[in-house]
Amino acid sequence: EDKVVQSPLSLVVHEGDTVTLNCSYEVTNFRSLLWYKQEKKAPTFLFMLTSSGIEKKSGRLSSILDKKELFSILNITATQTGDSAIYLCAVEAISNFGNEKLTFGTGTRLTIIP
Amino acid sequence: GAVVSQHPSWVICKSGTSVKIECRSLDFQATTMFWYRQFPKQSLMLMATSNEGSKATYEQGVEKDKFLINHASLTLSTLTVTSAHPEDSSFYICSARDLFRTGVAYEQYFGPGTRLTVT
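Chain order of the listed sequences is A and B.
Going by the working numbering, the first sequence opens with residue 257, and the numbers climb by one from there.
Going by the working numbering, the second sequence opens with residue 8, and the numbers climb by one from there.
Excised from the complex, chain A in its bound form:
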């Protein structure tokens, strides 16, 4: 069974701090790893990673994938209160039925204190 584990489960930091969120996975037929930000409703897409060692960057957020060690990290620098959310890691793989399937981790709840 495909498995995605995120750590920490919860993180509280002060505005301006830098945070690193972790995601490790065990899946068969890996295709990609995705990061999402979930506030009150549905997740919003942040990054998709398919290759090891290539950093993806968007403003203060960046992410990298290690396919050998089966993990990814999401970094947020100079955090702001608007970064408070649940960050979900998901791994796309080919299911036993031959279709693509996303398996989500439990998420990291990030709280930024002003």
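Derived by calculation from the structure, the hints in this document are not laboratory data.
Treat the hints with care, since some could be wrong.
[As the list claims (entries may be wrong)] Computed list of lysine-lysine pairs in BS3-like fashion (alpha-carbon distance at most 27 Å, straight line):
| id | chain 1 | residue 1 | chain 2 | residue 2 |
| --- | --- | --- | --- | --- |
| 1 | B | K62 | B | K48 |
| 2 | A | K293 | B | K48 |
| 3 | B | K21 | A | K259 |
| 4 | A | K297 | B | K71 |
| 5 | A | K312 | A | K296 |
| 6 | A | K297 | B | K73 |
| 7 | B | K71 | A | K259 |
| 8 | A | K313 | A | K293 |
| 9 | B | K48 | A | K297 |
| 10 | A | K293 | A | K312 |
| 11 | B | K21 | A | K296 |
| 12 | A | K259 | B | K73 |
| 13 | A | K297 | B | K21 |
| 14 | B | K27 | B | K71 |
| 15 | A | K259 | A | K323 |
| 16 | B | K48 | A | K296 |
| 17 | B | K27 | A | K297 |
| 18 | A | K296 | B | K27 |
[To be verified] Label-pair ranges, simulated between beta-carbon atoms:
| id | chain 1 | residue 1 | chain 2 | residue 2 | range |
| --- | --- | --- | --- | --- | --- |
| 19 | A | E282 | B | V10 | 28 to 36 Å |
| 20 | B | E70 | A | N355 | 14 to 22 Å |
| 21 | A | T284 | B | T87 | 29 to 37 Å |
| 22 | B | H14 | A | E325 | 18 to 26 Å |
| 23 | B | T38 | A | T337 | 33 to 41 Å |
| 24 | A | P370 | B | C20 | 39 to 47 Å |
| 25 | A | D322 | B | Q49 | 20 to 28 Å |
| 26 | A | T284 | B | W17 | 32 to 40 Å |
| 27 | A | S314 | B | K62 | 34 to 42 Å |
| 28 | A | T337 | B | V10 | 22 to 30 Å |
[To be verified] Calculated Cβ distances over 12 Å to all of chain A for the following chain B residues:
| id | residue |
| --- | --- |
| 29 | K21 |
| 30 | Q45 |
| 31 | S50 |
| 32 | E66 |
Note that the Cβ used here is the ideal one computed from N, Cα and C, for glycine as well.
Based on the hints, put chain B in the right spot on chain A.
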């Protein structure tokens, strides 16, 4: 950008009744739609994968007779929770895959979710 809508956004129903949730891709065609369930403080769990014009593929442990999925067109999929019980109370989210995205670039567009409360 690609927009997915869900209706209703919130529904309360009595135990034993059935509830239908609609998922629509508004500005793109979606050959595949996915239905997820999210319990409080838990992650999204895939319930089923719905391909237009064919039967849905359900994940292990999800009762197909209880959660009826119909994907009649490239822009609409419906999830019907039949004979709902309080334990079915959850946040149901759909997502859709853009027909014209190819290769390894894969992205699902999520709807805003439907909160179901069964009393």
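*asked:* When the structure is checked against the list of hints, which entries are broken? Sort them ascending.
replied: Violated: hints 1, 3, 22, 30, 31 and 32.
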